[in-house]
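Each chain is listed here by its residues.
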Amino acid sequence: MSITNLLENWSDFRHQHPSEDRPHLEYKWAMSIDLDSCTGCNACSVACYAENNLPVVGKEKFAHGHSHHWMRIERYWDNDGREFADQGAQFLPMLCQHCESAPCETVCPVGATNHTADGLNSQVYNRCVGSRYCNANCPYKVRYFNWYDYPTTDNVWPAPMEQQLNPDVTVRGKGVMEKCTFCVQRLTVAKSDARTEGRLVLDGEVQTACQQVCPTGAITFGNLVDPLAKVGKQWMQQQVDLNKDKQAKDAAEDAVKLRGYRILEELRTYPSVMYLEQLRESAI
Amino acid sequence: MIENGFNRRNFLKVLGWGGATVALSGCGNTSVEDGREFVTSYAETADYIIPSIGTYFNSTCAQCDAGCGIMGRVREGRVLKLEGNPESPINNGKMCGLGQAGVQAHYNPDRIREPLLRNGDRGEAITWEKALELINEKVGSVNPENVAFLTGVVSGHVKALLNNYLDALGSGHHYVYEAVAPSVVRASNKKAYGVEMPRLSMDKAKVIVSFGADFLGAWVSPVHFSQQYARFRKPDNGERGVLVQVESKMTLTGANADRWLAIRPGTEGILALGLINSLAAAGLPVSEDVAAAVGEYTSDRVSKDTGVSAEHIAKLAALLKERSPSLVIAGSAAEGYAHGSQNAAAIALLNQVLGNVGQTVEAPSSVPFPQMAPSTGNSFALQSLSDDMAQDKVKVLFSYGANPVFTAPAFFKLKENLKKVPFKVVFAHYMDETAVEADLVLPLNSAMEDWATLMPEYIAEGAQLNIRQPLMEKMYPGTLGVGDILLAMLKQRRPDEYNDYEDFYSYLRSAMVSNKDALGGADKDDDTFWETALSHGVVKLVGEPVNMTGSMSAAALVVPAPFAEDATYPLHLIPAVSASMRDGRNANEPWLQESPDPLTTIVWDSWVEMHPKTAAKLGIVEGDIVEVASKSGAIKAQAYLFPGIHPDVVSVPLGYGHEAMGRYAKGVGSNAFSILDPVFDNETGELAMHETRVKVTKAGQRVIIVKDEGPAGGSQMGRRIALRIPSNKVNLSEEV
Amino acid sequence: MSTRHLLALFNDFDEAVAAIADLRAANIKGFHIDDLILKSPIEHPEVEQVLGDKPVNVQWFTLVGATMGGLLAFILVSAAQGNFFAQLKGGKPIIPLPPNFILTYEMFILGGVFITILGFLICAGLPAKRSPLYSAKVSEDQIGILVQGDESAVAAFKAIFTKHKALEIQEEAAK
Amino acid sequence: MEKDIREDIAWAQINKDVLKSLESPRRIYWVILLIAIAMVGVAVGCEIYQYQTGMGVANKNNSHVWSLYIATFIFWIGMSHSGTLLSAILHLMHADWRKPIYRFAEAMTTFSLMTAGLFVMVHLGRLWQVYYVMPYPNERWAWPNFQSPLVWDMFAIATYLSSSVLFLYVGMIPDLAICRDNIHAGWRKKLYTIMSLGWEGTDRQWRNFRMTYLTIACFLIPLAVSVHSIVASDFAMSNMPGWHVTSFPPYFVAGALYSGCAAIITLFIILRYVFRFEEYMTLPIMRKLVRLTFAIAMVWTYLNLIEFASVWYGHDQTAKDQLIFKATGPYAPYFWAMIFFGSILPLMLAFKRFQTHLPILFVVSILLNVGMWLERWMIISPSFAHGHYPWAWDHDQWPSLIQWGMVFGSFGWFTLLFMVFCKVFPSVSMYEVKEMVYHRSLAQKHKPAVKGDY
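Protein chains in written order, with the numbering used here: chain A, 47 to 330; chain B, 107 to 842; chain C, 157 to 331; chain D, -3 to 450.
Bound conformation, chain A alone:
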């Protein structure tokens, strides 16, 4: 059976990703983050803790780099030797980029991390053996390992704090790699609801926790395949092509620039998160 399968579907098994001729059919979840709107307030990060049962590891473990912020706010200075950072900071919400060609996926020895049909980079906790190769190979370092057994660690979820845990999301035990899922538990519910009604998920029907909380609406999330989705319109307008590792617009010498870009695109990871450059007024 398997050999026949191999022979019959050989071309399917040999198709690469991302490719123009094999687009995502129903869903391709993607995000765009406007760095000009982002104020660095950390609401998204806390919302992620609340939604995804992230453990609070405490000072000592945080000092060792054991923190679990799937969504982390990075703060960069750009004062180039000036006395003050007088153009403010550059805040960057960093989460799993859900790369179309994810470096983490190929290296997992047990296939615990996969690309789903919806274009998510998924992590199967049950399957994970904790080799941590995925994080070694992640250029963004957005994967977080359970260095300890947090459910049984003191003061992580002391009773009755564990009652806050989201039953839709697994609480991970020790030795498992975890990362941003684009709130897959919400996507699953939305998809199943839509399927019941015989349609696809509409734009705005499902929000990630970080998107929902963001006070400035800097985060847009949606289905890139859906022509009505705001996220797709943004990608289109910014001329950022999911399937390219170098955008044509970057070579153009126009006076007016488009500010969409993807981080470390040159590594050919094809991230699903587009950032919009921060703006600064030149008149002051």
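Don't take each hint at face value.
[As the list claims (entries may be wrong)] Pairs of lysine-lysine residues, derived as DSS-like cross-links and limited to a Cα-Cα distance of at most 27 Å, are as follows:
1) Lys723(B) / Lys737(B)
2) Lys312(B) / Lys813(B)
3) Lys210(C) / Lys185(C)
4) Lys835(B) / Lys276(A)
5) Lys835(B) / Lys292(A)
6) Lys279(A) / Lys290(A)
7) Lys293(C) / Lys419(D)
8) Lys290(A) / Lys316(D)
9) Lys526(B) / Lys501(B)
10) Lys835(B) / Lys279(A)
11) Lys293(C) / Lys441(D)
12) Lys12(D) / Lys321(C)
13) Lys248(C) / Lys292(A)
14) Lys186(D) / Lys293(C)
15) Lys293(C) / Lys12(D)
16) Lys244(B) / Lys105(A)
17) Lys285(C) / Lys186(D)
18) Lys804(B) / Lys737(B)
19) Lys427(B) / Lys835(B)
20) Lys236(B) / Lys526(B)
21) Lys293(C) / Lys185(D)
22) Lys310(B) / Lys276(A)
23) Lys303(A) / Lys835(B)
24) Lys248(C) / Lys290(A)
25) Lys835(B) / Lys742(B)
26) Lys303(A) / Lys801(B)
27) Lys772(B) / Lys105(A)
28) Lys295(A) / Lys835(B)
29) Lys723(B) / Lys801(B)
30) Lys290(A) / Lys835(B)
31) Lys185(D) / Lys285(C)
32) Lys319(C) / Lys441(D)
33) Lys16(D) / Lys293(C)
34) Lys303(A) / Lys310(B)
35) Lys185(C) / Lys314(C)
36) Lys(-1)(D) / Lys316(D)
37) Lys441(D) / Lys321(C)
38) Lys244(B) / Lys525(B)
39) Lys105(A) / Lys804(B)
Simulated from the structure, these hints should not be mistaken for lab results.
For this one, chain A is given, so just place chains B, C and D on it according to the hints.
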């Protein structure tokens, strides 16, 4: 999303009888297997409780006083996560990190679970009957003049009950205390515009100049302002607003400014007047008295005094003149000095000169029920109370919604003064510093278990009454809502009036329903009105726009010259108010402790921010433990070098350094409140938070700072990670 | 007519070779040169000169083993990927050839080695019970020649062995 | 000139000398064994603690996801390569001086692979699920991810280990027969009887034996090369700056041979003393070994320089930053120590007077391996400390005592296995020494005196 026609009482009854075990046992809990709890079938629950499906209930956030509407996700009788209530005009479905952590206040393991009566150094659990009897006895045995209430901001029906209680006593004093509040600006606004808190329409402004108002972080109503900010930055016409922040220590808002101007501390008023001068010179029409008042503030002099370059002053003036309307905001950095009122007045004058009053500085609406309007607090209140206590004028003290022992500077000697009060009742969630000093501690329901109505100080449109309703059954039978306690206390004083109400809920419902005409429910029957109100979480009220004046006189306006140098205490201390820690009342919520400070990325500790130049002069490197000493005291913390602070300034965040409160707060960092100097605003008598002068010395130790930022610091090392582009290179109007 | 087995031990390899040459030349009843077994403490490839060219077949096992190993590995791996991994990883094809070639290569070697050993055991007739005509001296420093012939040929064997300074001659009837 | 071995040594004497090692080593043998057991105890304690508490106790973190375990894993894999070098490559080249020393080198191969395998397991966050990595049929059709270099590792190491064990065993069968013939009582007799498979040294056995040995030797050479290049792929296949280097596979192979040779020198000296093998593990052989080591050291140095040069010359600024960081950052002392021990110190080996000076060689060979261990660490940790993403850099995270304890214990584990092996099985190949002596004496007989060394 919100179930409309269900009976709220039944819901709670279900939880109380059938659901209580569910509510308490939780998911994945093996206590059922242990036989400690019973398995309950979901087959008989109310039809809106569907296992595995979250139901949303609207309520009001209690993490700060902005009054954002929240929507709690309730599943199997437990509240799991808070989202913003899309129907609340304040936050429109959005939230901040602080608000998200509200569930951790609710499920906090360190909550007090029953009334505690002091017995030596220990608290002894007593029954509520006994506690209330004790209160009755103590209050009855003293002169009503000697009964005092210390509260945080109160509004709505709780405030009404509190006032009724004070009435019933015949006297009693109500001190409303806020450790960190824009009190001077309120007073100055009152003078300049006739209202304490005008409505700021940032989305209409093309330029915002903020004198240290951290409206994106911790100022007044940050979630609301953040949304306005987003529209200000990206309006439909694509004309991106320009934000200029003037302050001595960069706040979160400063970090988002197009231009952050480091100003010498205390010279904000000078800069404002200098700007008026430059604007007048550029041809902006100003009245004569104004022209006279600002005449001497030439660009050169202002630049010398403030440390802001003449180039930037000119550019800023040009920008303000060119792009109208603009908005000038005075924040805590401007008001925190002895001459804070003058600073605020100068800034208000700038707004007026720019013609912003009525444009971006708009009149708020009047409140139809003044008895429910918020009583905003200030530090002057605590000072008065402290003085009263020192003079033995207080015999019975009630404290609610404040933690003065933690937030009062050491010079207040509050702890000693408190000892003079024979009977101190503290309404508390945690055994915080004030509760530890109490004679009787009354455990409060969490905001997820409590009934209340609230009226925020800053309302985005019209007037509104927020409703806070329980999102789940009480965690502990031994806690009570503040409304219930007040009601019980009132029953002792005015039994005839209040004995009809079984509990605060019935009082609240009847109070609301009986006023339904004024609350927009004239066409509904009682139940429909009430249930609609609950399901929306907010009742919109009709109020008259208040009259605003925009013609303050510049005649009396005198702004003092910059501070003279002080050889012993050469540096200014800015106690920073961070978005998550604020005044420290939420310090026991671990998400907030672990959520990195946005600017320094430090977690689980306090720090001393200083400019690298200052640090170099003092021989300090990052991680050095330094002693920050003022005339009033000294604290130790780790040094953090920061490019967003004036070299004359060091800054220590507030909210850390708890000595009690709970496992997550206790012993984390040091308390910057304690070393503030006794300097007060000339006009309002408010504590001048930024006036403290300090010296910084190395304490000898060095630590590795626990922060998210790596050894690369804020540098991207030439890699394309967070990008920035001049706004004139981009066409925003084309963007989606 | 029964067959007899004789084991002669020699100190010197050259003498043993000479003895074999003599045996080969002599026409002894029931003795065939192919039945002669030389036992030695080290390998003496030179004995081929007197014993004749005897084929070694281990390498055919190797060939089969290695081919099977490689082929099986490729099919196993590809079939596993094709049937289990419906999901892409890192954008690479579900059946990516370079990794599969690496695994094929490893299994090619593994198959080769295993079947070679198997071939060795089969070809060398191991494991076996030690024959009764064995001397520990053979594993030390002496050469043993084990011959088999008709009962009547024992004397002839002995004569040749003694001629070539055999140190010891063991004799036993085969069953 | 000095001879590799005396040609007139009696074969019976060879048997006697070697068999003696199975029975009466010097007393220091037992001391070494005890120390080794104590070291293993340390590692076991560390592992129990880590297993129960979580990987966090190793002081790794989300930037430094790998650390000493993987470094030491590569180190031990590397060590294993010289056994193959001596037994397979030199066998094919008919360099007969290998004969007295290849047996223990092969044993070293096997045991260092066994040690390396432990590190893979110790490294896993969920050791109890380690079997997920193996391709076993199951009702869910859940296979390992064959794209992962770690799975290639698993295949390669499993192949290498089983092939090495078989190679070691097959090569030992004639010797096991000798043991069987000479030891007459106890469990050893049974063991040798079973393991020698009834070997009698018949011409048929020898014929097939030779072919088998040759064939496996041929297989082992590409296998050994593939094993370490696959281990190199763990790094070269990833996109970490400092790892993503084309020259990694040959570089790793050279490093492997290098550290293996150095380890053979160390063990040579130990065995020579402990089991009184002065007659067999002679100084001329040591000299050849040392020269070989020197040559490989220079190959390694060259490849090391090439790696730096190609990074330096390339356009990948990230990798360049990483290299500069390695040479100047907090890891600089270790980096330069690696250069010193790996490239400078072996220059000593070029001098004749050191080539047979056993005490100096003992120290130097250990230091070479320290250098090679540092090399592996310097590949791993600096890259994690200073990768693609500056925000996630971490220059302060150092391995905890748990990790060091496990590394320390692994040497005990190896020593334990090795020493037990040497006591139970002949660590000098008797039949091959006989062959060597035999062929040399033939050569002596038929040719004029051979000039110089072989």
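*Given the hint that Lys285(C) pairs with Lys186(D), test it: the Cα-Cα distance must not exceed 27 Å.*
Roughly 13 Å separates the two Cα atoms, so the pair holds.
_Holds or violated: Lys244(B) and Lys525(B), Cα atoms, limit 27 Å._
It holds: about 16 Å lies between the C-alpha atoms, which stays within 27 Å.
*asked:* For Lys293(C) and Lys419(D), compute the direct alpha-carbon distance and say whether it is at most 27 Å.
replied: holds (23 Å)
_Next pair to validate is Lys293(C) with Lys441(D); report whether the Cα-Cα distance is within 27 Å._
holds (25 Å)
*Please work out if Lys248(C) and Lys292(A) have their alpha carbons no farther apart than 27 Å.*
Answer holds: Lys248(C) to Lys292(A) is near 19 Å, not above 27 Å.
*Take a quick look at whether Lys303(A) and Lys835(B) sit within 27 Å of each other, Cα to Cα.*
holds (6 Å)
*27 Å Cα cutoff - pair Lys723(B), Lys801(B)*: Roughly 13 Å between the alpha carbons, so the hint for Lys723(B) and Lys801(B) holds.
*Holds or violated: are the alpha carbons of Lys835(B) and Lys279(A) at most 27 Å from each other?*
Status holds; Cα separation ~21 Å.
*Hinted pair Lys441(D) and Lys321(C), Cα distance within 27 Å*: holds (21 Å)
*Does the structure keep Lys835(B) and Lys742(B) at a Cα separation of 27 Å or less?*
violated (47 Å)
*Holds or violated: Lys236(B) to Lys526(B), with C-alpha atoms at most 27 Å apart*: holds (24 Å)
_Proposed proximity, Lys835(B) with Lys290(A) (alpha carbon, max 27 Å)_ = holds (24 Å)
Taken one by one, the earlier hints fail for this structure at numbers 2, 16, 25, 26 and 36, listed in ascending order.
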